[in-house]
Amino acid sequence: MALGRRRFTAQQDYWPAFVDMLTTLVLSIIFLLSVFSLAQFFLSQQITDKDTVLNRLNSQIAELTELLAMERANNRDLQDNVSLLESNLKDAIASRDELKGLLDSQNGAASVADSQVSSLNTQLADEKRVSQRAMAQVELLNQQIAALRRQIAALEDALDASEQRDKESSAKIADLGKRLNVALAQKVQELARYRSDFFGRLREILSQRADVRVVGDRFVFQSEVLFDSGQADVNAAGQGELDKLAEALLQLEGQIPPEIAWVLRVDGHTDSRPLSGNGRFRDNWELSSARAISVVKYLISKGISPEHLVAAGFGEFQPLEAGDTDEINAKNRRIELKLTER
1200 MALGRRRFTA QQDYWPAFVD MLTTLVLSII FLLSVFSLAQ FFLSQQITDK DTVLNRLNSQ
1260 IAELTELLAM ERANNRDLQD NVSLLESNLK DAIASRDELK GLLDSQNGAA SVADSQVSSL
1320 NTQLADEKRV SQRAMAQVEL LNQQIAALRR QIAALEDALD ASEQRDKESS AKIADLGKRL
1380 NVALAQKVQE LARYRSDFFG RLREILSQRA DVRVVGDRFV FQSEVLFDSG QADVNAAGQG
1440 ELDKLAEALL QLEGQIPPEI AWVLRVDGHT DSRPLSGNGR FRDNWELSSA RAISVVKYLI
1500 SKGISPEHLV AAGFGEFQPL EAGDTDEINA KNRRIELKLT ER
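Residue numbers for the sequence shown follow the numbering used here, so the first one is 1200 and each next one is one higher.
Keep in mind the hints are simulated off the structure, nothing from the lab. It is possible that some hints are incorrect.
As the list claims (entries may be wrong) - Within a straight-line C-alpha distance of at most 30 Å, the following computed DSSO-like cross-link-like pairs (lysine-lysine) qualify:
(1) Lys1496 <-> Lys1443
(2) Lys1496 <-> Lys1530
(3) Lys1366 <-> Lys1443
(4) Lys1327 <-> Lys1366
(5) Lys1366 <-> Lys1377
(6) Lys1289 <-> Lys1299
(7) Lys1443 <-> Lys1501
(8) Lys1443 <-> Lys1377
(9) Lys1501 <-> Lys1537
(10) Lys1496 <-> Lys1537
(11) Lys1537 <-> Lys1377
Model the full structure from these sequences, guided by the hints.
This is how it looks when you write it as structure tokens:
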């Protein structure tokens, strides 16, 4: 038993030493990694600095290259200037030689002058011929101008004659207008006379009715005289009244000359109260128009010429009096008759 305990103790003594060695190894590795990281950092810093220096060198090289190109361009310009100066020098030498030749040829100047005089004489003759042709053209233009003046004079005479005829025509038209106005005035006066006769007859015929009135130049029938409430067909009592009116109109048609354009205008009016929705007519426009048309058709059935009748509906928009009382509405519901020009 004692021997066993001693062996176990000896084995346990190896383990702490192993742990210490392992710890020392790990610390050594960490130290080496730290040294390697620092070395890599310093190395990258140096590389960055070298890149910066290299970029500056590249920029300086680019600037030197640009300056070199400019110097080369200046050199070419100088060479071009030298070439130009050499060309000008050659031209000056050639001009000098030419002047020298002219001085040598002064002996032949007289013959040259004669040649020039001959050339001038030829040009003068040509100019004379041109001048003669121009004079001929001017003469032709003068003749044409004279012909145009004669034509203008003839046109002016024709225009004066036309203006004179226009004045005479205007005078005739003015005279015709005056005579037409006089004739129209006579027709109007004549129609006014017939209208007065027509009014007088209707006054006699309708004098007993209190519900038929004269308003200005119109006869006014209250709607109840001719129509039942909300209806557009002439009732029996209304037919009797219209028979009297038709008799007077037939007499008037026989008396008014046919050249007088006249019509009896029949105007339908209602009050401002809206119609009930279940009737024949959608609104007062339709009711007033239908009543005026019924009167016209009844008069036509009694022999009145349709060309002497006109029907118009005004709805509630032309009241005799403003308001909404029963009395005012009764006055506004009406049929108006007016004898007028067509």
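Verification of the hints:
Taking the CA atoms of Lys1496 and Lys1443, the gap is near 15 Å; set against the 30 Å cutoff, the hint holds. With a C-alpha separation of about 24 Å, the suggested pair Lys1496 and Lys1530 falls inside the 30 Å cut-off, and the hint holds. Proposed proximity of Lys1366 and Lys1443 is contradicted: the alpha carbons are some 55 Å apart, above 30 Å. Restraint check: the Cα-Cα separation between Lys1327 and Lys1366 comes to about 58 Å, which exceeds 30 Å; the hinted pair is violated.
Taking the CA atoms of Lys1366 and Lys1377, the gap is near 16 Å; set against the 30 Å cutoff, the hint holds. Taken as a hint, the Lys1289 and Lys1299 pair is honoured in the structure, with Cα atoms around 15 Å apart against an allowance of 30 Å. With a CA separation close to 10 Å, the supplied pair Lys1443 and Lys1501 stays within the 30 Å bound. Between the alpha carbons of Lys1443 and Lys1377 the distance comes to roughly 40 Å, so the proposed pair goes past 30 Å and is violated.
Taken as a hint, the Lys1501 and Lys1537 pair is honoured in the structure, with Cα atoms around 18 Å apart against an allowance of 30 Å. Our distance criterion of 30 Å between C-alpha atoms is met by Lys1496 and Lys1537, whose separation comes to about 16 Å. Taking the CA atoms of Lys1537 and Lys1377, the gap is about 29 Å. The hint holds against a cut of 30 Å.
The structure shown violates the earlier hints numbered 3, 4, 8.
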